[in-house]
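Asks: Top to bottom, those sequences are chains L and Z.
Note that the numbering used here numbers the first sequence so that position 209 is 209, with each residue one more than the last.
The numbering used here runs 547 ahead of the 1-based position in the second sequence.
Hint data in this document are derived by calculation from the structure and do not stem from the laboratory.
Positions of the beta carbon are idealized from the N, C-alpha and C atoms, including for glycine.
Fair warning: there could be bad hints in the mix.
[As the list claims (entries may be wrong)] Straight-line Cα separation of at most 35 Å, DSBU-like style, residue types lysine-lysine; simulated pairs: (1) L:K159 with L:K91; (2) Z:K880 with L:K129; (3) L:K275 with Z:K685.
[What the hints assert, rightly or not] Pairwise CB distance ranges (calculated): (4) L:D155 with Z:E741: 21 to 31 Å; (5) L:A48 with Z:K958: 32 to 42 Å; (6) L:K81 with Z:E805: 47 to 57 Å; (7) L:Q56 with Z:G783: 24 to 34 Å; (8) L:D427 with Z:E746: 37 to 47 Å.
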Amino acid sequence: MRLSSAVLAMAAILAPVVPSRILADDLLPADSAVETVIDHYVDALLSADKVEPAAQVDDLNLLRRLMLDLAGRIPTTVEAKQFRDDQSQTKRQALVDQLLASPDFAFHHRNELDRELLPDNPGDGDFRKYLLWAAQQNRPWNQMFEDMVVGDESDEYQKAGMQFLRTRVGSVDDLTNDTSILFFGVNVSCAQCHDHPLADDWKQDHYFGMQSFFSRTYLTKSKTLAEKFYGDVKFKTTKGVEKQARFMFLNGSVSDEPDRALSDDERKKLDEEVKTLQKDDNAKPRKPDFSPRSELVKLALNEEGASFFARNIANRVWNRLFGQGIVHPPDQLHSGNPASHPQLLKWLARDLRTHDYDLKRLIRGTTLSRAYSRSSRWESDSETPAAYYFALAQPRILTPRQYSISLFIASQNPPHWDQWASKPPEDWAKEREKLEQRTDGWFRMFEPPTANYQVPVDEALLFSNSSQIQDDLLRDSADRLLGHLKGIDDPSEAIDAAFWAIVSRPPTDVEKQSIREYLKSRTEDRSAAMKQVLWALISGPEVRFNY
Amino acid sequence: MKRPGSIFCGSSDHGLSRRAFLGTGAAATAGTFAADMTQLDAFKNEVVAGELKKQGKKVILLWLAGGASQFETWDPKPGRPTGGPFRAIQTASTGVQISELLPKMSQHMDKTAIIRSLNTRVGDHGGGAALMETGRKKDPGILYPDLGAVVARELGRADSQVPDYVSMYTSTEGRRKGTSGFLGSRYAPMFLAEKPIPENMRRLDTISDVDHQDRAELRSLLSKQFVQGRKSDTLGSHTSAYQRVRGLMASEQLFNIENEPDAVRARYGPRQFAQQCLVARRLVEAGVPFVKVARAWWDSHGQNFETHRELCADLDHAMSTLIDDLDERGLLKDTLIITLAEFGRTPTINASLGRDHFANAWSCSLTGTGIRGGVAYGKTDPDGHNVAEGEVGAGQLFATILEALGVDPEKEIFVGSRPIPLADFGCHAVKDVLI
């Protein structure tokens, strides 16, 4: 039963939906700018299929998108107006560079990696500490991989990074699958019971090969990750033959453990050593001569192996910024599920490898491309093109942390944010840290986005009837937006200020008209009236989505 | 700007004569009373009640959290070394005997089928509950939805003004919220743990009803312009979540059993589990397709027999009252009542007179719509150590439940581009318990 279920589940995977076409043989030169390469390949597919892309977004829309993607928050009123008024031709590039260098980026990048790498343990303080440390110094992705899989437990930060394994150490299947999915874009779980029926790439040998890198990993009494000194993974093939797994990476390359015939006595002694470590708080594990996890790192990052590692992270960053991977879904990087732009993915992967796996460089280039800055509105009469063309932007729902922090920024008294413009970035870093701490109390109220995400009605009920929204975001006090608006006599000006604070743009004439009419019908209590206007704006889809 | 009253048509005639009969069914009907709670009376209207009966099937899942003993419920073994002190009694269905701890249920076995041959293997609380909630083993990379979410999706309505999955779990032992998995949080349960009424269902005192309605209308006006030209299911779900708010707020009253006549309340009695069963009846009557009521804590590692004497009395009374009530209202033929847990309990009685976790040979019950009453399917061996006949796994049980509801267990849901059948791959219904 178990076997056929997994086989069928995987057999069902992916009749290819994306036509894979390589439109030119050679990759663009390695020294081209990332954004140029992206637009080259995306445009090539558009014109090959005669798809006219959506227009580029306007400045304020672009600002909001960039802020959410690079800083994890909406712009403040003063930031939005500054960007609008900036006449420079290179203001987009300047903004991207400024944001990537700002404290905000590290916090946001940390939050994104956190929800991707440890989705089942949101708010793990140690892991978040590690990720922030790594993000602040733009630690190369290959080094981060090493930190998380074979990190040095005596190093404060790397030990925290090992939470990636520590939280999963109870299940060797989780260790195997999650590492394969998150670092290599490969879901090999299908091959646990059977060679993959459709994607020729995965055999049982691969699954159990990957598993053997983790099968000796255990947790000592002092919560240190250690590896046992011997032990093999055996599995039964579908023909019932028992087979011993080799230390095999996904590309088929193998690490062979040096032959050593252990006598029964030697085994007994090694077992005793492990037992002591599992019982004794003070025992310190020693590293075995042959460390399977270290072997995995070697095979995964060497010349032949690294294509999985590099393509995976390029594709995941792309998916983060577009809401659709070049290979989609991102855990299905195999020959049965082709990339929409294979050359582009290859180029980006190569670029990462030749630039020290610098994710900032990739993010910078991507956010400077025209493909990134297309409108999410489809104004043409023709049918909306499939997502994999990247002909228009997909409205992306904010993550719980993006949403929480954006709600805080929108609901504050706008002049509160003005002061940071003239202060050193360290001061802003402290303020941002405070905002992060506030989100710790809020982000669990919102469901984390998943594939095919649908907003639960609980969220609408929360906004409609909870005291948190009413008494915190909409509080009638001097430090909140509502308090600020009360001090503005001219209703038209007050409406403008509300729009800038909440949706980072001025109202349209129609919007302003509707709200003025509403306010006219509700003159007996202006504060209450304004409060309802703020609620109508702050609970709206424009705040909830990155569009 | 329109003033209040314009969003929801105030006239009941419209709702009844136009919407309900255009085939929009229960949701439209529910939508009608959402505007005005006096419309709840609409359910006493024969025509509307008839509409409801024709379509929506519903489920009430009585979750015996911690794992009830099959020996003290559906599969007694009196006189055997494993049987414990209680007798077996004859039931309304000739030939089927159940534990004497369920005397009232013994009179309802003509409407109930028992499956005595569950072998689900997983014997820890978390793993067992996950298996019996979703009907399959965990697969990496795919988060499976639980039964409630599947039923909510298959039998609920997109624009429903009542909740489509309500889960009540008052105790703290083994409390699990349930998961809508890859179906997304749209189908997540409305979860009641601490309070008898779901969170955020009631308007705050600090805002007037007029303001509450007005701002929703203003919001919808502003949102419409934003949504224009933007095609996205997620964006659409944001809109529909807010559209459901007023209706759901109106359904708050469904959770208040004070609205029931004294005679009905007296029948269910003062105990919490029975009262929650009454809420469940009110919910399914109003069109909620899935209600789970959890009763804890059956995990009788010690004093198994005392524990079951108490808990079975509670179950026996609540379940039999629920069956009668639904039956009298003509709702039982559309409602499926299930008793299920994460596993059963060991045949061996331990030194503390307890029974431990046991998933290799245990029982569950199915009552109501689609079910052949009076059947005891499958057999365990004389001491209840193993399944002797008709082994049923979690997947087959789920296929059986879905088929009883008229839902095709092999129907596929696409997760990205992967088709996943509603019941686990290759699992077929146990036809013998179905009509």
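Asks: All hints, please: hold or fail.
Replies: To see whether the hints hold, each was checked on the structure:
no., hint, verdict
1, L:K159 with L:K91, "41 Å, violated"
2, Z:K880 with L:K129, "57 Å, violated"
3, L:K275 with Z:K685, "30 Å, holds"
4, L:D155 with Z:E741: 21 to 31 Å, "43 Å, violated"
5, L:A48 with Z:K958: 32 to 42 Å, "37 Å, holds"
6, L:K81 with Z:E805: 47 to 57 Å, "55 Å, holds"
7, L:Q56 with Z:G783: 24 to 34 Å, "25 Å, holds"
8, L:D427 with Z:E746: 37 to 47 Å, "38 Å, holds"
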